[in-house]
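J.: Sequence:
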Amino acid sequence: MQYVAFEGVDGAGKTTVATLVAAALIRDGLDVVMVREPGGTAIGEAVREILLGARESMMARTEALLFAAARTQLAAEVIEPALARGAFVLSDRTVYSSLAYQGGGRGLGVASVREPNMWGLGSVWPDLVILLEVDPEAGLSREDSSDRISSEGLALMQEVAETYRGLADAEPGRFRRIDAARDIELVVSECLDVIEAAL
Numbered sequence: 066m067q068y069v070a071f072e073g074v075d076g077a078g079k080t081t082v083a084t085l086v087a088a089a090l091i092r093d094g095l096d097v098v099m100v101r102e103p104g105g106t107a108i109g110e111a112v113r114e115i116l117l118g119a120r121e122s123m124m125a126r127t128e129a130l131l132f133a134a135a136r137t138q139l140a141a142e143v144i145e146p147a148l149a150r151g152a153f154v155l156s157d158r159t160v161y162s163s164l165a166y167q168g169g170g171r172g173l174g175v176a177s178v179r180e181p182n183m184w185g186l187g188s189v190w191p192d193l194v195i196l197l198e199v200d201p202e203a204g205l206s207r208e209d210s211s212d213r214i215s216s217e218g219l220a221l222m223q224e225v226a227e228t229y230r231g232l233a234d235a236e237p238g239r240f241r242r243i244d245a246a247r248d249i250e251l252v253v254s255e256c257l258d259v260i261e262a263a264l
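Under our numbering, the first residue of the sequence shown is numbered 66, with each subsequent residue one higher.
If you're looking for bench data, these hints aren't it; they were derived computationally from the structure. Cβ atoms here follow ideal geometry from the backbone N, Cα and C, with glycine treated the same way. Be aware that one or more of the hints could be misleading.
[Stated by the list, open to error] Label pairs and their in silico Cβ distance ranges:
#1 I91 with A262: 15 to 25 Å
#2 S122 with L251: 20 to 30 Å
#3 L117 with M183: 32 to 42 Å
#4 T127 with A263: 29 to 39 Å
#5 A125 with M183: 12 to 22 Å
#6 I249 with S122: 17 to 27 Å
#7 D93 with M124: 40 to 50 Å
#8 S216 with G172: 30 to 40 Å
#9 P146 with D248: 31 to 41 Å
#10 R120 with T80: 36 to 46 Å
#11 E202 with G94: 21 to 31 Å
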């Protein structure tokens, strides 16, 4: 088990928790590679700017395919080589974000969004998904700023949260659900316990 993803609605604390978990694992002597989606490569960062910063209206299918394209590049350029050398990969969002946001939130259907990602990623899927759960309204209130997607508001995040729950129920061997409404130290400690148990 080398590839761990942090998932959740906007404001769940994924970036903060992933960063603190990575620091703890590095202190323990592990070779850790931390990535974020979309991004992590020159192509991915350019796509990120389009996805999160575009002012123009974007079709849901376009959004889903752009996320898949950036993710495919990241997997090939960074994640797969890191795993091959035995590194431990921590990702701030993965393919499950697309399944939840575009598949559920945008109404494209989880199966429809999964298909191009399976083609692009092959076997490079996370071994463990830590789902940081927080009430969507509370999550949005935590955000210092909003991007193109989070600015669409509560209704979208509620659909995303419901889809995440369904994904976790469908893949109990891969998902661990953690209450992210608690103090950050408790959340990080539980994440580390989950990872240690998985290892």
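J.: Look at each hint and say if it fits the structure.
T.: Here is what the structure says about each hint:
no.: 1; hint: I91 with A262: 15 to 25 Å; verdict: holds, 19 Å
no.: 2; hint: S122 with L251: 20 to 30 Å; verdict: violated, 41 Å
no.: 3; hint: L117 with M183: 32 to 42 Å; verdict: violated, 24 Å
no.: 4; hint: T127 with A263: 29 to 39 Å; verdict: holds, 35 Å
no.: 5; hint: A125 with M183: 12 to 22 Å; verdict: holds, 19 Å
no.: 6; hint: I249 with S122: 17 to 27 Å; verdict: violated, 36 Å
no.: 7; hint: D93 with M124: 40 to 50 Å; verdict: holds, 45 Å
no.: 8; hint: S216 with G172: 30 to 40 Å; verdict: violated, 18 Å
no.: 9; hint: P146 with D248: 31 to 41 Å; verdict: holds, 36 Å
no.: 10; hint: R120 with T80: 36 to 46 Å; verdict: violated, 24 Å
no.: 11; hint: E202 with G94: 21 to 31 Å; verdict: violated, 40 Å
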